[in-house]
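Model the full assembly from the supplied sequences, consistent with the hints where possible.
Here the protein sequences line up with chains A and B, keeping their order.
Per the working numbering, the first sequence starts with residue 1, numbered consecutively.
Per the working numbering, the second sequence starts with residue 217, numbered consecutively.
Derived from the structure by calculation, the hints contain no laboratory data.
Computed from a prediction, not measured in an experiment: that's the story for all the values here.
Treat the hints loosely; a few may be bogus.
What the hints assert, rightly or not - List time: in silico DSBU-like cross-link candidates among lysine-lysine, alpha-carbon distance up to 30 Å:
#1 K279/B x K95/A
#2 K294/B x K320/B
#3 K290/B x K95/A
#4 K495/B x K514/B
#5 K723/B x K680/B
#6 K651/B x K680/B
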Amino acid sequence: MSEPAITARSLSMATCHDCGLLVRLPGGAAAALVCPRCGAAVHSRKAGALTRGWALVLAAAVLYIPANIFPIMTVTSLGTSQSDTILSGVIYLLKHEWPLAVVVFVASVLVPLLKLTALTYLLLSVQVGWRWRPADRTRLYRITEAIGRWSMVDIYVVTILVALVRLGELASVRAEAGAVFFGAVVVLTIFAAESFDPRLIWDRIAEQERAGGQHE
Amino acid sequence: MSEDSGPGDAILPGARDVPTAVVRTGSSFSLVWLIPIVAILIGGWIAWRAISEQGPTITISFKSAEGLEAGQTKVRYKDLQVGMVASIELAEDLSHVIVTAELKPNAERYLTENSRFWVVRPQISAGRVTGLGTLFSGSYIAIDPVREGEPQRAFVGLETQPVMTASEPGRIFTLRSSQLGSLDVGAPVYYRRIQVGEVASYEMDASGDFVTTQVFVRAPHDQRVRANTRFWDASGLDVTLDAEGVRVEMASFVSMLIGGIAFDLLGGEDPGGPVTPDKVFTLFESQRASEQPVYALKERYLLHFPNSVQGLAPGSPVVFRGIRIGRVVDLRLQFDWENYGVVVPVVIEIEPERIETVDSDARADVDRIARLVAKGLRAQLGRGNLLTGGLQVEFDVHPDVELIPILLGGVYPELPTIPGPFDEITSSVSGVIAKIDRMPLAQIGSDLQAALVELRLTLAETRKMAAAVNADVMPALAATMERLDGTIGSLERMLRPDAPLPLELRKSLEDVGEAARSVRVLAEYLEQHPEALIRGKK
Numbered sequence: 001m002s003e004p005a006i007t008a009r010s011l012s013m014a015t016c017h018d019c020g021l022l023v024r025l026p027g028g029a030a031a032a033l034v035c036p037r038c039g040a041a042v043h044s045r046k047a048g049a050l051t052r053g054w055a056l057v058l059a060a061a062v063l064y065i066p067a068n069i070f071p072i073m074t075v076t077s078l079g080t081s082q083s084d085t086i087l088s089g090v091i092y093l094l095k096h097e098w099p100l101a102v103v104v105f106v107a108s109v110l111v112p113l114l115k116l117t118a119l120t121y122l123l124l125s126v127q128v129g130w131r132w133r134p135a136d137r138t139r140l141y142r143i144t145e146a147i148g149r150w151s152m153v154d155i156y157v158v159t160i161l162v163a164l165v166r167l168g169e170l171a172s173v174r175a176e177a178g179a180v181f182f183g184a185v186v187v188l189t190i191f192a193a194e195s196f197d198p199r200l201i202w203d204r205i206a207e208q209e210r211a212g213g214q215h216e
Numbered sequence: 217m218s219e220d221s222g223p224g225d226a227i228l229p230g231a232r233d234v235p236t237a238v239v240r241t242g243s244s245f246s247l248v249w250l251i252p253i254v255a256i257l258i259g260g261w262i263a264w265r266a267i268s269e270q271g272p273t274i275t276i277s278f279k280s281a282e283g284l285e286a287g288q289t290k291v292r293y294k295d296l297q298v299g300m301v302a303s304i305e306l307a308e309d310l311s312h313v314i315v316t317a318e319l320k321p322n323a324e325r326y327l328t329e330n331s332r333f334w335v336v337r338p339q340i341s342a343g344r345v346t347g348l349g350t351l352f353s354g355s356y357i358a359i360d361p362v363r364e365g366e367p368q369r370a371f372v373g374l375e376t377q378p379v380m381t382a383s384e385p386g387r388i389f390t391l392r393s394s395q396l397g398s399l400d401v402g403a404p405v406y407y408r409r410i411q412v413g414e415v416a417s418y419e420m421d422a423s424g425d426f427v428t429t430q431v432f433v434r435a436p437h438d439q440r441v442r443a444n445t446r447f448w449d450a451s452g453l454d455v456t457l458d459a460e461g462v463r464v465e466m467a468s469f470v471s472m473l474i475g476g477i478a479f480d481l482l483g484g485e486d487p488g489g490p491v492t493p494d495k496v497f498t499l500f501e502s503q504r505a506s507e508q509p510v511y512a513l514k515e516r517y518l519l520h521f522p523n524s525v526q527g528l529a530p531g532s533p534v535v536f537r538g539i540r541i542g543r544v545v546d547l548r549l550q551f552d553w554e555n556y557g558v559v560v561p562v563v564i565e566i567e568p569e570r571i572e573t574v575d576s577d578a579r580a581d582v583d584r585i586a587r588l589v590a591k592g593l594r595a596q597l598g599r600g601n602l603l604t605g606g607l608q609v610e611f612d613v614h615p616d617v618e619l620i621p622i623l624l625g626g627v628y629p630e631l632p633t634i635p636g637p638f639d640e641i642t643s644s645v646s647g648v649i650a651k652i653d654r655m656p657l658a659q660i661g662s663d664l665q666a667a668l669v670e671l672r673l674t675l676a677e678t679r680k681m682a683a684a685v686n687a688d689v690m691p692a693l694a695a696t697m698e699r700l701d702g703t704i705g706s707l708e709r710m711l712r713p714d715a716p717l718p719l720e721l722r723k724s725l726e727d728v729g730e731a732a733r734s735v736r737v738l739a740e741y742l743e744q745h746p747e748a749l750i751r752g753k754k
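As C-alpha cells, then:
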C-alpha cells in the first residue's frame, strides 16, 4: 500500500482564493472560514458540494420530463403548423437527413441524460464512499463538465431559427415551452457539474486509507 | 497571530508561520434547495394542469385515413380548434380506420349521439368547390355538434360533408320516386325558380322498387311546403309534343347540368295542413306529371280482343266516354294451338277514384263494375292519338249488346269486349260490298235497257194519243161544261131563301109536326086507357 497522499486538506491547510495566502484550517473543515489578510471566504473544498449537487441534479431531472413532453418549437410553413418535441424532431430528421438526426439526438437526448446519470453516480459514490476507480471517476467528471455546454446546441438552433425565419404565414418558427424547460435542464446540469468538487472523490479514499492505516 | 501546530509543520518548514483562518458562523441551511423545490413545484403544476385540462377522448371510424395524420390533424368547429387527432389505427377487420381524437375539456356537452363528424378535404361536387383552404392547411375533421341526445364517445364518421348542419334552420322532407333520375347530393331545390335548399341524401328502398330522397329546405321557405305541395324533378329539359304544339321547359342551367327538384302547389289547390313528420311526398317526373291528380286505388282487369291491337302498348290510355280512367298495363299474344285461334289478352289498370259517384261515397269497385257490365258496359279499341296512331281502350255503356257477364275467378276479373267502331265500319263496309257483289248487275243492266226501249215506244204512243185527244175530245168537253154551268145556276135559284120552294117545304114540315104531336097525345091516352080503342073516348 502506498503512502497516503498529501493534500492541503490532509495538512489542515488551504489557500485563500482571492489573495493566495496559505492559511491553516482550525478544527474541522465544516465551518465557514475567512482569510485573515483579505477577508475572502476560505474553502478547503467547494461549499456544500454534495448538497448543491443533489439539489441541482434533482431539479434538472424533474424538469427534464416536461422538456421532452412539451414541444420545443412550432414550424409554420404555407399555413401548415407543425409542433415538434425533441424526440419527434429526431424521428422526423431520421427520415429526411439522418446525420442531423444523429447530431440532435446526441446533443439533446444523449448528453443531458449522460450528464445526469454521471453526476448522480458521482454524487452517490462520494456520498456513500465507494472506492471504485477514483482516477476514472475524476476523468468522468472532467468529461461531464466539458461536454455539458454542447447540449445547448438545440437551444441555439431554436433561437436562431426564431430570430431569422419571420415570413408570417409563409414560413415562421415559434419557440414553445419545451425549449424553456430544456434550457433550464442544461443550465442546471452545468451548475450541478460546476458545484461538484472532484477532490471529494479522493478525500473519501484518503480518509478510508488513513482509517484503515490507523486500525492496522 | 496565533499559531497552531499541525501536521503541516513537518512538511513545510515555515508552516508554523501560516496564519489561521477565522471561523465565521452562519446558517447551515443551503438556499440551493430552493431550486429543486421550485422545479418540483413547476413540474407538479404542469402535470396537474395537463391532467385537469384534458378533455374527452373520442373515437371516430372512417373508411379511409386520407388526409389525416396522427398528432397533426385538428378537429375544428367554425374554424376554431376544438381537438386534435391523437392516433389512427386500422380496425381489426381491416374495413375501416379508427381515429382517436382528444378534445378540449368543455367538449363533453356536445358529444351526443346526434353529433356528426366528417373530414373536410378539397371537393368538387354539385357544381361547387369546397374545402380549398385545406390544400394549404391540411385536411381537418369538422364536427357538427348537437347538444340533445345521449352522450356518446364512439362515432361513425360521415364520408361526405353533410349538406346542412344541425344548426342551420330548415327542414328535411322525404320524397319517393321510382328512379333517381339525374339527381345527386347537393342538387338544388327550387321554389318559383329560387333555390331554397339542396338534396341532402338518397337511398334505394329495401325492396328495390323505389328511391327515397331527402331534401333540405332552408328556413323560412320550409314553411311553404304543405301537405298538398307537389315536388317534381326539374332536371334537364322538358320537351312536350302534343296537340298544342311543341314546348321546351327548363328550370335553370345548373339544374340542367346537375339536376334539381322544384316544388309548388297546384294552381288553386288548397295548401292542406302542415307536413307531418312521417309524410312521404311523391317525386313526379315532370311538372306535367305532377299536375295530374294522383289516385291511390288501382284495380286491374283482363280484356280479350280478337282483332289486331296494332297501336296499343303498355301505357296506352283507358277512357270512359273520353275521360281517362286508367291505362293499359300489359298485353300478350295467346295462340290456341288446337283451334288455331289467336286472342290478345290485355291487362288494364283502372283507378276507380277517377269515377266520382254522385250522391254517395260508393266507389266503382268490382261489384258495381259487374252491374255496369250487366247493363251493357263494354270495352272496345278506339283511335287515341292521331299523331302517333296509338290506340286506346274505350269503355261505354251500349244498351243493345248481347248479355255477357263479367268473368270472375281468374287472376283478374275479365270484362267483355265488343268490336270497336273501327271494326264496325270495316265490317259494315265489307257487308255492303258483299251485298253489292251479290247483286246481278249484268242482268239488271240488260233489263234496264229493254225497259228503256219500251218506255220510248210508250212515250211515242202517248204523244199520239194526246194529239188526238186535243183534236176531238176537247170541243165536246167544252159544250158539256156549259150545260153543267147552267144546271148549277138553276139549282142555286131554286135554293134561295125567299124562293117559293123552301117556303112551301117549311109549311109542310110544320103540318107534319102538328100531326105527329096529335098522334103522340093519342098514343099516350091509349096507353092509359087502352079500352078507348073499343069504347071510344069519353
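Structure-based check of each hint:
1. K279/B x K95/A: holds, 28 Å
2. K294/B x K320/B: Given pair K294/B, K320/B holds - Cα atoms ~15 Å apart, limit 30 Å.
3. K290/B x K95/A: holds, 23 Å
4. K495/B x K514/B: holds, 21 Å
5. K723/B x K680/B: violated, 60 Å
6. K651/B x K680/B: violated, 43 Å
In this structure, the hints that do not hold are numbers 5 and 6, in rising order.
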